[in-house]
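My numbering puts the first residue of the sequence shown at 1, with every later residue one more than the last.
Please note: incorrect hints may appear among the correct ones.
[Said to hold, decoys possible] For each label pair, taking beta carbons as the anchor points, the in silico distance ranges come out as: (1) G157 / V70: 19 to 25 Å; (2) L7 / E138: 41 to 47 Å; (3) S118 / N142: 24 to 30 Å; (4) L27 / G121: 19 to 25 Å; (5) L27 / Q170: 23 to 29 Å; (6) L146 / R4: 42 to 48 Å; (7) V156 / A24: 15 to 21 Å; (8) L122 / G157: 32 to 38 Å; (9) L7 / I167: 30 to 36 Å; (10) F29 / A87: 19 to 25 Å; (11) L164 / A24: 23 to 29 Å; (12) E138 / F100: 18 to 24 Å; (13) L164 / Y96: 18 to 24 Å; (14) I5 / A97: 29 to 35 Å.
Think of the hints as simulated: they come from the structure by calculation, not from any bench.
Even for Gly, the Cβ is constructed at its ideal location relative to N, Cα and C.
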Amino acid sequence: MENRIELYDSKARYGVISRGLHWAMALAFAWIYSTTSAHYLLADSALDKFLWPTHKQVGLLLMALLLVRVLWSLLNRHRRPPSLNLAATLGHGLLYAGMFAIPFLGLLRQYGSGRAFSAFGLPVMNGFDGPKIQWMTELGNNFHSLLGWTLLVLIVGHVAALILHCIKGQGHILRRMAGSARSA
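Construct all of the structure, not just a fragment, from the sequences and the given hints.
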């Protein structure tokens, strides 16, 4: 049998692009939660000073990856593996909502602060003189961090649900995103 790379999703598993986007985002989330943990738990340490300056840049990267992922999902919507149940559908919906809302609120707060923002050497938004836009900064201040920690709980729940499926002998759930063509 010929080994070939499947770009597109199928009813049995996700294609290489969907899997690549998923795992790239998983790595970026590991990085962003490391930056946040170091900032809260080890403030002013060498680790904090190394990691924290990358927080906004990686957050913007996550938002960009999410937008690409959503577009790719829409292109593949009739090919994708079916959702397991209503809980899985709702859980994934909450994950996607959080993955959009958190960086959006961060960008809104950044703009409202009047400070410029560059990511990876590219200007994202110019700063401005004058008063801050209070409602933007307050919305970001009130919800960016709270939703970030809420998303972490959802991610842990996502992983826990996968582990439970594997324990129950449903390893095909992991293989759909891990890349193995073998079915259960």
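Taking each numbered hint in turn, which are not upheld by the structure, reported in ascending numerical order? none
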